[in-house]
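Colleague: Model the full structure from these sequences, guided by the hints.
There are 2 protein chains.
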Amino acid sequence: MDRIPILKLGHSLLVTIQVDMHDRLAMALEEDLTQKIVSSGAKGVLIDISALEIVDSFIGRTLANIAGVSRMLDADTVVVGMRPAVAITLVELGLSLPGVRTALNAERGMALISRRVAEADRDGAADAPDVHGDE
Amino acid sequence: MDRIPILKLGHSLLVTIQVDMHDRLAMALEEDLTQKIVSSGAKGVLIDISALEIVDSFIGRTLANIAGVSRMLDADTVVVGMRPAVAITLVELGLSLPGVRTALNAERGMALISRRVAEADRDGAADAPDVHGDE
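Taken in order, these protein sequences are the chains called A and B.
As numbered in the UniProt record's numbering, residues 1 to 135 make up the first sequence, in order.
As numbered in the UniProt record's numbering, residues 1 to 135 make up the second sequence, in order.
Chain A is faced by these chain B residues, among others (derived, beta-carbon under 8 Å): (1) Gln18; (2) Asp48; (3) Ser50; (4) Ala51; (5) Gly81; (6) Asn105; (7) Ala106.
Hint data in this document are derived by calculation from the structure and do not stem from the laboratory.
Backbone N, C-alpha and C define an ideal beta-carbon position, used for all residues, glycine too.
Modeller: Rendered as structure tokens:
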């Protein structure tokens, strides 16, 4: 496989990582995601890693990179489905996944993104001048 | 990889097929899906095949099997993200994927399932005796 599929669902893009990511696949994913964020106007990126038994420093860096680029494009990154053993290993390795939020499963991750979109809409509406008059 | 991850989102279970399915993986997926339909009470199964460049008779049969078993458990199966070339090949092979519904992408597939859930709720509410009196 040369590409990891990216699904659009509501305000989010969903990626399920099922295979060991080598350099080229990780780069392709980063590139595809950035393009899809721009073309779809997505506000969040959900990355499911429930299939991964090991998250090494390379994958950790890839996730942090994706989060960094997504933030530049005004989208939050949420990593979901992390196995307990993976969490333990990450902490032991000192990899804190900067800029990456986590949620227990895809449903909660999606709810997290929806909540932030709703908050942003509300704040935006409050800040914006009232063009509708006394509506 | 020995398992394809299954994500629960709302009323649906979402599976992204990214790798060539051999016999054991397909059987494991069928088994996992049936268990997860029962444990989660999901009303729909979304299978994304946008990563597949080829759908042979084995994968076609697997999809039809999953649809058959899901229907027994009162869940609809929707295959999403089929590439044009795959659709052409399936028709040429005479594989019509019986019992499988299709949608262009995950978002539309999810909408299809939500609509059927809403219809079922409405019909259920209409058929059920009015236990709430004149509420």
